[in-house]
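Novice: Listed here are the chains, written in short residue letters.
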Amino acid sequence: MTTALELAEQVRNGSVSAAEVIDRHLAAIDESDGAVHAFLTVLHDDARRAASAIDDRIAARDDPGPLAGVPVAVKDNLCTRGVPTTCSSRILDGWCPPYDATVVERLRGAGAVVIGKTNLDEFAMGSSTENSAFGPTRNPYDADRVPGGSSGGSAAAVGAGLVPLALGSDTGGSIRQPAALCGVVGMKPTYGTVSRYGLIAFASSLDQVGPFSATVADAALLFDVIAGHDPLDSTSLDRPTPRSLENVGDGVTGLRVGLPVELVDGVAPEVAAQVRRAAEVLSAAGATVTECSIPELKYGLPAYYILAPAEASSNLSRYDGVRYGLRVDGEDVEAMMRATRAKGFGAEVKRRIMLGTYALSAGYYDAYYGQAQKVRTLIINAFTEAYRNADVLLGATTPTTAFALGAKVDDPMAMYLSDVCTVPSNLSGHPAISVPFGADGDGLPIGVQVLAPALCEPLIFQVATVLEAAAPVMSAPVLAAATWSGR
Amino acid sequence: MSSEKISRDDAAYVARLARIDLTDEELDLYAGQLAVVLDHAAQVASLDTTGVEPTAHPLPLKNVFRPDDPRPSLDRDEVLSQAPAVEEARFLVPRILGEPQ
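For the record, the sequence lines run as chains A and B.
Letter by letter, the first sequence follows residues 84 to 570 in my numbering.
Letter by letter, the second sequence follows residues 344 to 444 in my numbering.
For reference, chain A alone in the conformation it holds in the complex:
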């Protein structure tokens, strides 16, 4: 498969036109996405127009930027002006935002072409993309299995070779978990490094936008484009973001790698085995690997499933049938709101709103929300302590490989446990990446996770590059696009 770096280089040096690149990818999507259902909207006309504008700039000897002519798929909870942005919810069906998310603007500014909007669990709540009002996405390696979630459409689009790059959002693992299940690279940046302006809010203190790609260098390339201060997001860090791409090949010599038992024990044996194999790879490459224990990590999931629904119940109060989206009539304004929300929200979103409202209600606030916020502090302190003896941490991304469609839809708690290895980084705000590393006995991809302190993105890309180079060879996904990927 041609990487984004290669595509941009080819477009910039004129060996291929952006129009040709976009036509090839549109053809691949048209041919193969019926089986995957990664996309909710494919922007045939907009993408061709954007590609033609890139080609005009090349002809005028202007440089369109580091992503010149590269098609990028965008999760459908990121606002695109004049293009439907649904969050996979009936309540926003047909809504066209009056502005672009900052990350979408940055894509366009770097010469990228937004080729379509991808499927997700409704409002990013889920771990399988089955909670979409528009039907599930399939895992490119096995059409009867889930792609993970909530950014399952973006992960599957890259995994199936339909696009080289995609954007997702990660609140409790929603980039890293589907990346692991679809055999692609997925990274959650440090909280505050990527603007959330135009990312439709789920849990504002946890949400972060990040890249999906087939290679680690491409993820670094995309991260460098989207990172940076944005005055439109008051939680955006106003300090220089470290560049990642130029250092991806720096290796791991002398690096201290911690292997927390909490991120290895308790996951499926085949997943744990690959994490240990990844540790051996880093050790052979010159790093020092030390087992450690961070007992507080096991409180990450219970704290998360109080804090995230609490924030969600507040954020989603804006869907009231007044300013945008669905309205169901009622005799007064409150009846209208209750009826609109009853019809517009799916089962999981209602469940999370109920959970969050309960946890924030009088009499329970201190016991649940207040206590979970203190546990969040303890988890941050525990990470800080672990990073005294380690530069990065290594662990599993997910407890299992891709599970069957329908296997967990009726058991919310079982579904929530899919996030056990990923939520601690959201609570701490630290960056983490999932890199494909081998497969289980059924040929389903396994991801290993690299975690680092705040603003240490360059380091996790360096470690991920070493792992990528030594990763066991995978068979091609069964739902791969045949027309251009050359897999």
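Be aware that one or more of the hints could be misleading.
What the hints assert, rightly or not - Okay, derived cross-link-like pairs now, DSSO-like style, lysine-lysine, Cα gap no bigger than 30 Å in a straight line: (1) A:Lys-426 / B:Lys-405; (2) B:Lys-348 / A:Lys-426; (3) A:Lys-491 / B:Lys-405; (4) A:Lys-426 / A:Lys-491; (5) A:Lys-491 / A:Lys-381.
Since the hints were made in silico from the structure, they are not lab data.
Note that this is a predicted model, so its numbers are computed, not measured.
Given the coordinates of chain A, work out where chain B should sit on it, guided by the hints.
Specialist: Positioned in the frame of chain A, the structure of chain B alone reads:
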């Protein structure tokens, strides 16, 4: 805090706070599922947090200010074009207070 029991009435109260009409079937379903999830979440109670400050947010940000420079707002007509009901350049809603006139 563990082994929460949540009744249909409790669930109905929460649904009212959240402004969602739920059927009796949904109330029973969510009452059961909330109890299971809250039972798991109650693990946080087993940690000693005496003297621990709560974290609302991972960044050490306090107030964030920007210069008070005027800049264009979103286009009014474009915003209103997405609303379910509009009258005279305003969002139109059903009555909010009192009896119908």
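Novice: Now look at each hint and say whether the structure bears it out.
Specialist: Cross-check of the supplied hints:
1. A:Lys-426 / B:Lys-405: Violated, at about 39 Å.
2. B:Lys-348 / A:Lys-426: Given that 30 Å is the threshold and the Cα spacing comes to 27 Å, the pair holds.
3. A:Lys-491 / B:Lys-405: Measuring from Cα to Cα gives roughly 41 Å; hence the hint is violated.
4. A:Lys-426 / A:Lys-491: holds (23 Å)
5. A:Lys-491 / A:Lys-381: holds (21 Å)
Violated hints for the displayed structure, listed by number in ascending order: 1 and 3.
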